Amino acid sequence: MKTRSTLPSPRRERRRRRTQRATTRVATLVLWGALCAVGASACGNTAKAGSAGSQSKGDLTIGINGPPVNLNPAKDGINYASIVRTLADATITHVNSDGTIGPGLALSFRYVDADHRIFQFTLRSDARFSDGSPVTPAAVKAWLEYYLHVGGPAVGDIGQVRSISTLGTRTVEIQMVKPNPILPRMLSELYTWGQVQGPKALANPAILATNTDGAGPYKLDPGASVTGDHYTFVPNPYYYSHSVVRYSQITVKVITDPSSMLAAVRTGEVNVAMGDPSTAAAASSAGFSVISAPDAWSGLLLTNRASGPLAKLAVRQALNYAINRDQITQALVQKYGTPSSEVATPDAINPQYVNYYAYDPSKARALLTQAGYSHGFTLKVSEGTFFGFAGTPLTQAIAQNFQAIGVRLDITSEPTLGGLGKDLFSGTYPAFVAYYSFQPMWFFYADTLAPKALWNTGHADEPTLDALYQQAAASNSLKLWQQMSALTVTQADFVPVVESDQIYYIGKGVGGVNISPGDPYPIPSQWTPQ
Amino acid sequence: MTAVPAFARDRAQAHRNGGWELAFLSRRSVVGVVLRRVALAVPLLVAVSGLSFVLVSVTPGDAARQIVGVNASQATYLSVRKELGLNLPVYTQYWHWLTHAIHGDLGTSLLTGQAVGQTISSRLPVTIALVGVALLVSLVVGVALGVASAVRGGVLGRAIDAFALLGFAFPVFWVGAILIAVFAVKLRWFPASGYVPISESVGQWLSSFALPALALSLGGIAAMAKQTRESMLDVLGSEYIRMVRASGLAPSSIVLRHALKNAAAPVLTVLGVQAVGLLGGTILVENVFALPGLGSLVVSATLGHDLPVVEGVAVVFTLIVVAVNLAIDIGYTLLNPRIDTR
Numbered sequence: 001m002k003t004r005s006t007l008p009s010p011r012r013e014r015r016r017r018r019t020q021r022a023t024t025r026v027a028t029l030v031l032w033g034a035l036c037a038v039g040a041s042a043c044g045n046t047a048k049a050g051s052a053g054s055q056s057k058g059d060l061t062i063g064i065n066g067p068p069v070n071l072n073p074a075k076d077g078i079n080y081a082s083i084v085r086t087l088a089d090a091t092i093t094h095v096n097s098d099g100t101i102g103p104g105l106a107l108s109f110r111y112v113d114a115d116h117r118i119f120q121f122t123l124r125s126d127a128r129f130s131d132g133s134p135v136t137p138a139a140v141k142a143w144l145e146y147y148l149h150v151g152g153p154a155v156g157d158i159g160q161v162r163s164i165s166t167l168g169t170r171t172v173e174i175q176m177v178k179p180n181p182i183l184p185r186m187l188s189e190l191y192t193w194g195q196v197q198g199p200k201a202l203a204n205p206a207i208l209a210t211n212t213d214g215a216g217p218y219k220l221d222p223g224a225s226v227t228g229d230h231y232t233f234v235p236n237p238y239y240y241s242h243s244v245v246r247y248s249q250i251t252v253k254v255i256t257d258p259s260s261m262l263a264a265v266r267t268g269e270v271n272v273a274m275g276d277p278s279t280a281a282a283a284s285s286a287g288f289s290v291i292s293a294p295d296a297w298s299g300l301l302l303t304n305r306a307s308g309p310l311a312k313l314a315v316r317q318a319l320n321y322a323i324n325r326d327q328i329t330q331a332l333v334q335k336y337g338t339p340s341s342e343v344a345t346p347d348a349i350n351p352q353y354v355n356y357y358a359y360d361p362s363k364a365r366a367l368l369t370q371a372g373y374s375h376g377f378t379l380k381v382s383e384g385t386f387f388g389f390a391g392t393p394l395t396q397a398i399a400q401n402f403q404a405i406g407v408r409l410d411i412t413s414e415p416t417l418g419g420l421g422k423d424l425f426s427g428t429y430p431a432f433v434a435y436y437s438f439q440p441m442w443f444f445y446a447d448t449l450a451p452k453a454l455w456n457t458g459h460a461d462e463p464t465l466d467a468l469y470q471q472a473a474a475s476n477s478l479k480l481w482q483q484m485s486a487l488t489v490t491q492a493d494f495v496p497v498v499e500s501d502q503i504y505y506i507g508k509g510v511g512g513v514n515i516s517p518g519d520p521y522p523i524p525s526q527w528t529p530q
Numbered sequence: 001m002t003a004v005p006a007f008a009r010d011r012a013q014a015h016r017n018g019g020w021e022l023a024f025l026s027r028r029s030v031v032g033v034v035l036r037r038v039a040l041a042v043p044l045l046v047a048v049s050g051l052s053f054v055l056v057s058v059t060p061g062d063a064a065r066q067i068v069g070v071n072a073s074q075a076t077y078l079s080v081r082k083e084l085g086l087n088l089p090v091y092t093q094y095w096h097w098l099t100h101a102i103h104g105d106l107g108t109s110l111l112t113g114q115a116v117g118q119t120i121s122s123r124l125p126v127t128i129a130l131v132g133v134a135l136l137v138s139l140v141v142g143v144a145l146g147v148a149s150a151v152r153g154g155v156l157g158r159a160i161d162a163f164a165l166l167g168f169a170f171p172v173f174w175v176g177a178i179l180i181a182v183f184a185v186k187l188r189w190f191p192a193s194g195y196v197p198i199s200e201s202v203g204q205w206l207s208s209f210a211l212p213a214l215a216l217s218l219g220g221i222a223a224m225a226k227q228t229r230e231s232m233l234d235v236l237g238s239e240y241i242r243m244v245r246a247s248g249l250a251p252s253s254i255v256l257r258h259a260l261k262n263a264a265a266p267v268l269t270v271l272g273v274q275a276v277g278l279l280g281g282t283i284l285v286e287n288v289f290a291l292p293g294l295g296s297l298v299v300s301a302t303l304g305h306d307l308p309v310v311e312g313v314a315v316v317f318t319l320i321v322v323a324v325n326l327a328i329d330i331g332y333t334l335l336n337p338r339i340d341t342r
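Just so you know, the protein sequences line up as chains U and R, in that order. Quick note: the first sequence, position 214, residue 214 per our numbering, numbers continuous. Quick note: the second sequence, position 88, residue 88 per our numbering, numbers continuous.
None of these hints come from the bench; they were simulated from the model. Mixed in with the good hints there might be a few duds.
Only pairs whose alpha carbons sit at most 30 Å apart, straight line, appear in this in silico BS3-like list of lysine-lysine [to be verified]:
| no. | chain 1 | residue 1 | chain 2 | residue 2 |
| --- | --- | --- | --- | --- |
| 1 | U | Lys363 | U | Lys380 |
| 2 | U | Lys452 | U | Lys422 |
| 3 | U | Lys335 | U | Lys312 |
| 4 | R | Lys186 | U | Lys508 |
| 5 | U | Lys508 | U | Lys178 |
| 6 | U | Lys335 | R | Lys186 |
| 7 | R | Lys82 | U | Lys452 |
| 8 | U | Lys200 | R | Lys82 |
| 9 | R | Lys82 | U | Lys141 |
| 10 | U | Lys335 | U | Lys508 |
| 11 | U | Lys312 | U | Lys422 |
| 12 | U | Lys422 | R | Lys82 |
| 13 | U | Lys141 | U | Lys178 |
| 14 | U | Lys363 | U | Lys178 |
| 15 | U | Lys312 | U | Lys380 |
| 16 | U | Lys422 | U | Lys380 |
| 17 | U | Lys312 | U | Lys363 |
| 18 | U | Lys479 | U | Lys452 |
Quantities reported herein were computed from a predicted structural model and do not represent experimental measurements.
All chains should be modelled from the sequences, with the hints used to inform the complete structure.
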């Protein structure tokens, strides 16, 4: 009987079941409501997918594959995320889509001396920062000096600045300690020094962590942005040329996974996206316009050419002959790259050296024997796994090719830039697997070839190259830059493998997206709704 | 008598005492559980944050190199390192962080310069909602499948078992990619990426979570289904259920009201484990669906050696785990006050 008392009576059970049925009906209604809401939203997606996803007319969404390190241009280097900053930051000079440099905030610019040390530019009078204050020579000078003072990642690339001064009411003068013939380029969208921020931001630079104060066509809407995920831009009411402000809102969305990026383009959620060799063919098949332009070279940076096996020219040449560039290029980037024996630069590339080291393992072995390494040797290399195809896949391909001639790679894989930096400054790695963006020969020499260059840890000195550099830097002669490039090939200073492209997918409804080897990063203010 | 589950006996006792004793016991137990969990959370937070600090610190490289880049000179690098306090011993750095964190200041991101509290608060709703929706889907669908499998058995039971195995086997990022290809690209039912705040549109908010939550919950559905089936089979075979059947109640009532309630405790355990597992799963899902949550944040922060952000996220994740465990313990206590959750 006691047990019986613990069980519900049939009457109580009937009452409970009535309550349960009522509850079930309410729950069903709620569930249907939710499903209808999702359904309505899903239908909305379908309807808009053909145009611009969830955007209203006049909106634009751009997909990039990594966020800017910092919204403050002084604290960010040159990277793929420059597309974010070019929306809000007008630059002193402007890079045209063909790579030539034209007026930006500066209406005119020139070197006033013969050897490219003194550079002057005259600012336009109608430019204003997004906080409303005018772009004056004093404001620009303050920004240029702040940039040098902050010590960001790109400041070392500029060279030593002697002084920055204002001349008259509209002119600024930069004096360099040594010749720098690429200042017009360095003050454009291709670098961050020319992305001037206003005096109000400089008075409290912390605000640049979450906001912008540039003189560009748009300004950041911090309330509608999440750092590292998406950045929403609205028109800058003070921009000097309203005709280029063609969108009421531009959202830059970070999508790191290439397949997800393509899916976002296909559904219309993203209008223009940074592509990837792994999905480019699918994007093309799906009917999207795929544009590409060379923007980097990958291969081995030989950082210690002063001691060990790499000190011998025959060894370095053997390593170059051992690489099957055609095969590696096809495997890694398919048609979005070109095999090359020459380090790629926008101003010095010499086409006759592109295939200088045709694949020839027999010749490579003979050269090794000639150098006294008939049994090969072990080469210690460091690679950054974050370089995508130019990380572990390229390293393994190089290792396989080298193994065929008896050279074994002792690989250290670094998942972060910090780890790569640690390896570089340890001085114990004679070679690095590199992904190196196109840089003018002036820049490239200072970074990798000069006796005290960071990426010349062995301090190898090549007097002929040094002499050529001195002349080329002062004269900015194309012929001399090309001679330098040729010399790096014949001296086998590096083991370049592939010149790879920057790829973009263009969705329907956007026009004017152009890139070139001189400017592989399209500038959204040049795009037009169609 | 001995075969009657404890829960049923407690109900009987409560009936005899007019329900007051059970209510009192439950309240006392719940307060005790909350106090114990909160007390345990403090050393847990210190341990987790300390361990995270050490693990990120021993990873090669640091935020200073990330900030100045590879091309900066060693002097510039060392200067920035000193400025950020990264030249101090790890325990000193951790102590500085801890003393500020106790006062509610989680610091500033070393890379972006943004306040960590602000960064986390902008992303927390996404992760909480994602995990919440995924957990709900796991619970509802998993329990329904588990009950159906236990009650019907046969082909349906085997099919559900097979589904459970597949749910465990498929990696979440792969499932996400397939869902995007089918439901976003092909059918255009749901968006492929991104997040719409609930304040903008409830429908689009739900829609933006549909595929990520489904991808995330697949493993959870499998686990819940499996556990529910096992527990239900145990309970359905018990003497208590035989006696309930003998009382003439409808089969659906026996299953849903009596058997399922008594099978709930082990299912609740799995639910707690799933909730913690789903937090880890958000790291992959948020990347595949480009959601601005804490999972994608912690990945980029860890790769950038951004210690304050990593610490902030570790603290938040730990608090969520503590809260989930607390909720599970309270659930146990309410289901059966005799369960000792100490």
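Evaluated hints:
1. U:Lys363 to U:Lys380: 23 Å, holds
2. U:Lys452 to U:Lys422: Since the Cα atoms of Lys452 of chain U and Lys422 of chain U sit roughly 18 Å apart, the hinted pair holds (cutoff 30 Å).
3. U:Lys335 to U:Lys312: It is violated: about 34 Å lies between the C-alpha atoms, which goes past 30 Å.
4. R:Lys186 to U:Lys508: Holds: Lys186 of chain R and Lys508 of chain U sit about 17 Å apart, inside 30 Å.
5. U:Lys508 to U:Lys178: Roughly 48 Å separates the two Cα atoms, so the pair is violated.
6. U:Lys335 to R:Lys186: 27 Å, holds
7. R:Lys82 to U:Lys452: 24 Å, holds
8. U:Lys200 to R:Lys82: 28 Å, holds
9. R:Lys82 to U:Lys141: 28 Å, holds
10. U:Lys335 to U:Lys508: 23 Å, holds
11. U:Lys312 to U:Lys422: 26 Å, holds
12. U:Lys422 to R:Lys82: 16 Å, holds
13. U:Lys141 to U:Lys178: 20 Å, holds
14. U:Lys363 to U:Lys178: Cα-Cα ~42 Å, so violated.
15. U:Lys312 to U:Lys380: Holds: Lys312 of chain U and Lys380 of chain U sit about 16 Å apart, inside 30 Å.
16. U:Lys422 to U:Lys380: 15 Å, holds
17. U:Lys312 to U:Lys363: 16 Å, holds
18. U:Lys479 to U:Lys452: Status holds; Cα separation ~25 Å.
In summary, the structure is inconsistent with hints 3, 5, 14 from the numbered list given earlier, while agreeing with the others.
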